[in-house]
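All chains, please: the whole structure from these sequences, using the hints.
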Amino acid sequence: MEEKEQKVSRREFVKYAGAAVGGLIVGGAIGYLTRGAPAEKTKTITSVKTEKATVTVTQTKTVTAATAAPQSVTKTETITVTETTAATTPTGPGKYWTPTIESFKKLKEYFKGITLYGMDYPTPNAEAVKKVLPEFEELTGIHVVYELVDFDVMRERYTADFVSKEGKWDLVSWAYQLIPEWANAGYLVPLEKFLNDPEVVGPYYKTEDLIESIWRVQMWRRGFTGPAYHYMICSKSDLFMMVYRKDLFEDPKNQKLFESKYGYELAPPKNFEQLLDVAEFFTKKFNPDSPIEYGFIQPYAVGDPICCSFYPLLFGFGTDFFDENYYPIFDNPSAVKACDLLKELLKYAPPGANVMHYDAAFGVYQTGKAAIMFNWDAFFPYLEDPEASPAVAGKNGYAPTPGGYSFRPSLGGWGWGINAFSKNQLATWKLIEFLTHPEMSVRLALMGGKPGRWSALKHPEVQAKWPWIKAFLASLEVAHFRPVILSFTEAIDETVGRALSSVVLGEKSSYEALHEAVLKVYEIMERNGYYDVKPIIKEYPPPDLRRFI
Numbered sequence: 001m002e003e004k005e006q007k008v009s010r011r012e013f014v015k016y017a018g019a020a021v022g023g024l025i026v027g028g029a030i031g032y033l034t035r036g037a038p039a040e041k042t043k044t045i046t047s048v049k050t051e052k053a054t055v056t057v058t059q060t061k062t063v064t065a066a067t068a069a070p071q072s073v074t075k076t077e078t079i080t081v082t083e084t085t086a087a088t089t090p091t092g093p094g095k096y097w098t099p100t101i102e103s104f105k106k107l108k109e110y111f112k113g114i115t116l117y118g119m120d121y122p123t124p125n126a127e128a129v130k131k132v133l134p135e136f137e138e139l140t141g142i143h144v145v146y147e148l149v150d151f152d153v154m155r156e157r158y159t160a161d162f163v164s165k166e167g168k169w170d171l172v173s174w175a176y177q178l179i180p181e182w183a184n185a186g187y188l189v190p191l192e193k194f195l196n197d198p199e200v201v202g203p204y205y206k207t208e209d210l211i212e213s214i215w216r217v218q219m220w221r222r223g224f225t226g227p228a229y230h231y232m233i234c235s236k237s238d239l240f241m242m243v244y245r246k247d248l249f250e251d252p253k254n255q256k257l258f259e260s261k262y263g264y265e266l267a268p269p270k271n272f273e274q275l276l277d278v279a280e281f282f283t284k285k286f287n288p289d290s291p292i293e294y295g296f297i298q299p300y301a302v303g304d305p306i307c308c309s310f311y312p313l314l315f316g317f318g319t320d321f322f323d324e325n326y327y328p329i330f331d332n333p334s335a336v337k338a339c340d341l342l343k344e345l346l347k348y349a350p351p352g353a354n355v356m357h358y359d360a361a362f363g364v365y366q367t368g369k370a371a372i373m374f375n376w377d378a379f380f381p382y383l384e385d386p387e388a389s390p391a392v393a394g395k396n397g398y399a400p401t402p403g404g405y406s407f408r409p410s411l412g413g414w415g416w417g418i419n420a421f422s423k424n425q426l427a428t429w430k431l432i433e434f435l436t437h438p439e440m441s442v443r444l445a446l447m448g449g450k451p452g453r454w455s456a457l458k459h460p461e462v463q464a465k466w467p468w469i470k471a472f473l474a475s476l477e478v479a480h481f482r483p484v485i486l487s488f489t490e491a492i493d494e495t496v497g498r499a500l501s502s503v504v505l506g507e508k509s510s511y512e513a514l515h516e517a518v519l520k521v522y523e524i525m526e527r528n529g530y531y532d533v534k535p536i537i538k539e540y541p542p543p544d545l546r547r548f549i
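Using the numbering used here, you'd call the opening residue of the sequence shown number 1 and step up by one each time.
Quick caveat, the hints were computed from the structure, so don't treat them as lab data.
Check each hint, because a few of them may be wrong.
[Said to hold, decoys possible] Listed below are the simulated BS3-like cross-link pairs for lysine-lysine, each with C-alpha atoms no more than 27 angstroms apart in a straight line:
1) K458 / K470
2) K130 / K261
3) K423 / K112
4) K470 / K270
5) K347 / K423
Fair warning: this is a prediction, and the values are worked out from it, not measured in the lab.
Okay, here's the thing in structure tokens:
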């Protein structure tokens, strides 16, 4: 297949953050929605056709009617969705095949002189990518402008580009939760356009090596019932994890004091009850003998940060945002417990923690002021850098976030997609392929990146270099991701985020804030077409909670 067409931003997360700080799978989400079906019993839809491959979807609707009386008819509907791929493996190498990193040099014949534009949020992963781009440019002749900018600036630029259809930003980098919104609007290229083209991707591209959970959340069905396509390939696998001061936990004096007070051995907390005990023990305000000022820190700023801090608590209490029918349920008793815990943990954090972004919260731990931190593991390489984090480098332990009724850490993940208005889509795909190649994934991982390939994360050298990788892999087995829905930003980051913030700021009770948010989120979901029949929203009395399981 030949290419046919050539406000105030949130502070950037920086390596030396400490210096600045100083002192349910949701009801079958991710595009497996089926909200209705065509009138015909069988209908075949063919779309995303390339020169060599076609993706098809067959929808079968079976209607069984049982008539008890002429005026009474009961219907049962079952929708079965089957996907097939028409592409076949060619007998010889395809025109644009690049099975090894060295083989990317053949692309210079086709793409020399092209410039691609992309941007990313500054993390160790993005810094590693920048280091390997000169090699891609040397091999292919494709120049890449790859900027590291603030999260809010990225979104503003993408939005302006999509609306204008200019197509300046060829490579789209973002977290998976915006795939539904951007894919539905036609802003992203369905990547099956390339994955199913035997001229572009040969049998060496083994998708089973990609982390399945992240691979699945990067899919979406446009219009709910359309074919499920991938709109991104994982660029950065993330988990919201726990890092703790291993040296403090292993100190015999601390161990003796803790056991005498709480009646069990000091260890990294595995449940929320232990988390509260450990956080209290390491907070000087509650324990003058604590060797450190604060027991706990995590980001609480309204929007994405406070929501990310809430996810593992909500999931850990065994509940979720939506039920299997996409009705919001996050004002139930378990969700209220999670919100109460979110607020209670602030007792063991420094002043101002209730408005801290990722960088400020990271800086508190990085400068040796907190015993435990919950944060995204993509930033952990900075903690093991003696130059960036002299107070804690080499003193850290890593573990999954604790659980409550269940054990479900929060799954993140960013991906690379292609702007639907880009004039260099094939060249952009080859850049994605270069950066997600098994060989390159290992190299990026050794530089602090977080690729989405099992082969990279399980590589012996990678596991030997980064002490949190084994905990990451253990967490990944049971991790749960945030809702993949239309209007995610409005429904979750804004509506739920404001509700959580009102609780931690002491403006509303957990139940009051969450219940109001449920009503608003229901309206958003209804507006987006998720419901055929208006549901009854359950009323839950606010529970009387003093401690947590």
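So, going through the hints one by one against the coordinates:
1. Among the hinted pairs, K458 with K470 is consistent with the structure: their alpha-carbon atoms are about 8 angstroms apart, no more than 27 angstroms.
2. Under the criterion of a C-alpha separation no larger than 27 angstroms, the hint pairing K130 with K261 is inconsistent with the structure, at around 50 angstroms.
3. Proposed proximity of K423 and K112 is supported: the alpha carbons are some 15 angstroms apart, at most 27 angstroms.
4. Distance restraint check for K470 and K270: the Cα-Cα separation of roughly 16 angstroms lies within the 27 angstroms cut-off, and the hinted pair is therefore satisfied.
5. Distance check on the hinted pair: K347 and K423 sit about 53 angstroms apart at the alpha-carbon level, beyond 27 angstroms; violated.
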